[in-house]
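Visitor: Counted from 1, the sequence shown has number 197 at position 197 by the UniProt record's numbering; the numbering is strictly sequential.
Treat the hints as calculated values from the structure; they're not laboratory data. There may be inaccurate statements among the hints.
Mimicking DMTMM-like on lysine to aspartate or glutamate, the simulated pairs with C-alpha atoms at most 25 Å apart in a straight line are [claimed, not checked]: (1) Lys82 with Asp70; (2) Lys205 with Asp311; (3) Lys348 with Asp181; (4) Lys127 with Asp430; (5) Lys348 with Glu392.
All figures in this text were calculated on a predicted structure; none of them were measured in a lab.
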Amino acid sequence: MNTKAPAKTVDVVVVGAGLSGLAAARTLQKAGLDVHVIEAADRVGGRVRSANVAGAHLDLGGTFVGPTQDRIIALSEEVGVKRFATYVEGGNLMHWGGTRRSYRGTIPSIGPIALVDAGRIQSALDKLSRSVPPGRPWDAPNAQELDAQSLGSWMRAHRATASTYEIFAIASRATWGCEPDELSLLHALHYIAMAGGLDLLLDTKNGAQEEHFVEGTHEIAARVAAELGEGRVHLSQPALSIDQTGDVALVRTPDLEFLARRVVIAVPVWMRQRIKVTPSLGPDAVALGQRWPGGVLSKAYAVYDRPFWRDFGLSGQAVSDRGPAVITFDASPEDGSVGVLLGFIGGKQARMWDSLPEDERRLRALNGFAELFGEQARHPRGYLDQRWVTEEWVGGGPCAAPAPGHVLPYAKTLIEPQHLIHWAGTETADQWSGFMDGAVRAGERAAAEVIAAVSNASITDKN
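Sequences and hints are given; from them, build the entire structure.
Guide: Okay, structure coming up:
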């Protein structure tokens with residue numbers, strides 16, 4: 001008969017060993033607190049994961065970093081993970097209405113009238129997003145009205161052309177993993193505000209896709225976990241329950257028990273409901289986990305002997321209205337020793353593609369690459385795809401995709417401490433939510449809350 005070891009008394013238990021949980025644990029440990037991290041999966045990293053295929057390193061989750069993403073950059077530098085620029089030289093491609101053409105810049109060249117209209121819609125979204133305070137969407141003027149609409153209904157009300165609508169639908173699929181009609185307008189505006197505008201959010205050069213990490217994003221998580229010390233990170237140990245009826249929380253996993261002064265939960269919002277918390281967190285907090293689902297966003301990678309598209313003056317960046325990959329990037333290593341194409345598959349395309357057998361997914365992804373980059377793209381030396389909705393302890397894309405009407409009732413419960421529990425995870429960030437930078441910021445913010453709470457409790461105890 002298996003018996004658990006006696007409960008270990010610690011200062012803080014962090015639930016989740018993704019970048020957010022690890023950043024929280026690192027900050028707490030540097031403050032002198034006794035911290036243990038429990039992780040449901042058999043690896044650290046959460047929504048960052050790496051693989052090596054046919055001699056190429058692939059980032060299967062979070063990949064890029066860009067200007068103003070200061071916290072993930074600082075953390076990577078502190079643990080010695082370097083960066084290099086995403087390849088952007090040459091023309092971009094688009095496959096639109098059955099025709100392939102090249103273009104420059106962020107917005108595809110879909111004709112002068114449509115291009116002007118797309119700029120009009122982007123300017124309107126940017127202007128409206130500036131009325132939404134980062135981290136406080138409920139304080140936006142007309143917040144109720146904004147939350148009642150979808151991004152799609154707003155575009156139709158503003159008479160976006162069919163081409164403009166489709167461009168922003170592609171952006172919605174690649175950003176939130178959903179269709180414009182499935183997403184609260186308030187959430188979309190808040191997300192844009194937290195990134196500093198659509199240009200920063202969508203651009204490669206001078207934008208969120210500007211750089212890669214040389215050793216890969218997962219290496220950041222691995223090095224932070226190693227810094228915490230042996231026996232501090234417990235893998236394959238999902239948090240089953242947290243009992244915080246007293247002055248300490250009893251945290252149970254299948255094999256371990258901890259008595260902790262504070263708990264930081266750093267899991268995707270939609271995964272919170274898998275942990276039994278006593279007493280109950282309350283109806284709004286429970287509903288949050290049900291009504292803020294993860295988007296559906298997958299990735300397909302093809303590895304070639306060399307980045308052959310560069311020979312034709314192409315950047316490797318492309319947009320497609322056919323898919324399955326709606327946006328592609330050149331994800332080759334800095335030295336170009338092998339060629340790597342990365343395709344993002346999101347929203348309705350991902351829901352269909354994710355359900356296919358592996359061979360069929362590969363065939364369709366490579367056919368899509370070939371429509372953009374020619375016959376050579378159909379014959380890689382290696383291929384791998386990552387479907388995040390199939391990951392048991394992730395269950396979705398890089399961010400939540402709440403429907404209209406689901407932001408205002410529940411957004412405050414994202415970060416409000418619940419007795420001894422504090423919340424981290426990229427969804428709780430007030431800058432760059434949905435990105436690795438947001439994950440690190442959220443972890444550091446939760447850690448600061450815990451440090452303040454523990455310090456205040458110590459002062460109270462002495463008095």
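Visitor: Hints first: check each against the structure and report whether it holds.
Guide: Here's how the hints hold up against the structure:
| no. | hint | in the structure |
| --- | --- | --- |
| 1 | Lys82 with Asp70 | holds (14 Å) |
| 2 | Lys205 with Asp311 | holds (21 Å) |
| 3 | Lys348 with Asp181 | holds (11 Å) |
| 4 | Lys127 with Asp430 | holds (19 Å) |
| 5 | Lys348 with Glu392 | holds (21 Å) |
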